[in-house]
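Engineer: Now for the letters of each chain:
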Amino acid sequence: MSSRMSSSLKSSTAFVVGLLLTMHGFFVVTFLVANAPLEKTMGIVQKIFYFHVPCAWLLMLSTFVCAGGSLAYLFRGSERGDRLALCSAELGVLFGLCVMVTGPLWARAAWGVFWTWDVRLTSSLLLWLMLIAYGLARRYGGEGGRRLAAAMALFAAADVPLVYLSVNVWRTLHPTTKVVSSLAPGMRLPFFLSLAIFSALWGVLLTLRMRVERAHARLVELTIAVEDAEGRSP
Amino acid sequence: MTYVALAYGFIWGAVFTYIALIGRRVARIDAEIEDLRQRVKPSA
Chain V
1 MSSRMSSSLK SSTAFVVGLL LTMHGFFVVT FLVANAPLEK TMGIVQKIFY
51 FHVPCAWLLM LSTFVCAGGS LAYLFRGSER GDRLALCSAE LGVLFGLCVM
101 VTGPLWARAA WGVFWTWDVR LTSSLLLWLM LIAYGLARRY GGEGGRRLAA
151 AMALFAAADV PLVYLSVNVW RTLHPTTKVV SSLAPGMRLP FFLSLAIFSA
201 LWGVLLTLRM RVERAHARLV ELTIAVEDAE GRSP
Chain E
1 MTYVALAYGF IWGAVFTYIA LIGRRVARID AEIEDLRQRV KPSA
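Sequences listed follow chains V and E, in order.
Residue 106 in our numbering sits at position 106 of the first sequence, with consecutive numbering throughout.
Residue 16 in our numbering sits at position 16 of the second sequence, with consecutive numbering throughout.
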């Protein structure tokens, strides 16, 4: 039984291949981005956009997946949903961190400051912090920590439309959502390819992380079973 | 150019660090499986 678990962890060849293909995609995207036309006003710093926007998209996607898994856990007691929520929240924190670092780098060059309390920036920071709080609630929340975290995930998901629409509803410094549809033809391919590669990487990491979490859950079950058996034996 | 390189480098660094952390978790689970196997062995 344990050898089956161990082999399931070791049989990650498909993931290694998936990861390598994704990494290869990153090199292709890097090449395309390097050769994409320069934006007239911002110049080379605009190229951060090709990585910043996909990371922001994955932050939002991770939050929605986390909320979906949390709903399944809260209303149907689904352990799988709970694991999905945990793994996607972790990825949300990862890609959110990338957003929080790449955004200010772009802002410093475009606006002259690393940070401003703009509604888009503030709501994005809030979303990222909520995902971190989700992880902390699970880790240190004790008995009801998982349920508390699941409820927090629903709040985080409610923040996503606010993050997305904020630039269209309020007057902000941040570019609006129309910036993608108004991209110059030479910028579209690198952008959408980058979006696809980042999404593929997210899928590979989520699947890998889910496998590890499933193996851990199985290990906990087996350890309890062994301890029970040892307790019963004379 | 520096900002672009910093942004791109940071993303790569973050992703690789995350993959390394997953690798560490896998190693820990493997070690625990081995412990469990050793415990089960005498009674098997």
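Check before you lean on any hint, since a few could be wrong.
[What the hints assert, rightly or not] Quick look at which bits of chain V chain E covers, simulated, 3 or more residues with Cβ under 8 Å: (1) 38-48; (2) 51-64; (3) 220-228.
[Stated by the list, open to error] Think about it this way: if two alpha-carbon atoms lie no more than 20 Å apart in a straight line, the pair counts; the simulated SDA-like pairs of lysine to any residue are: (4) Lys41(E) <-> Gly231(V); (5) Lys40(V) <-> Trp111(V); (6) Lys41(E) <-> Arg232(V).
Calculated directly from the structure, the hints in this document are not laboratory data.
For each residue, glycine too, the CB sits at the ideal point set by N, CA and C.
Engineer: Taken at face value, is the distance from the CA of arginine 232(V) to the CA of lysine 41(E) at most 20 Å?
Structural biologist: Holds, at roughly 17 Å.
Engineer: Would the pair lysine 40(V) and tryptophan 111(V) pass a check requiring their Cα atoms to be no farther apart than 20 Å?
Structural biologist: OK: lysine 40(V) and tryptophan 111(V) at ~15 Å, within 20 Å.
Engineer: With a cut-off of 8 Å between beta carbons, are at least three residues of the segment 38-48 of chain V near chain E?
Structural biologist: holds (count 4)
Engineer: Need the status of pair lysine 41(E), glycine 231(V): alpha-carbon distance at most 20 Å?
Structural biologist: Holds - the C-alpha atoms of glycine 231(V) and lysine 41(E) are around 16 Å apart, at most 20 Å.
Engineer: Three residues minimum, CB to CB under 8 Å: does the segment 51-64 of chain V make the cut for coverage by chain E? Let me know.
Structural biologist: holds (count 3)
Engineer: At least three residues with a C-beta closer than 8 Å to a C-beta of chain E: is that true for the segment 220-228 of chain V?
Structural biologist: holds (count 3)
Of the numbered hints listed earlier, not one is contradicted by the structure.
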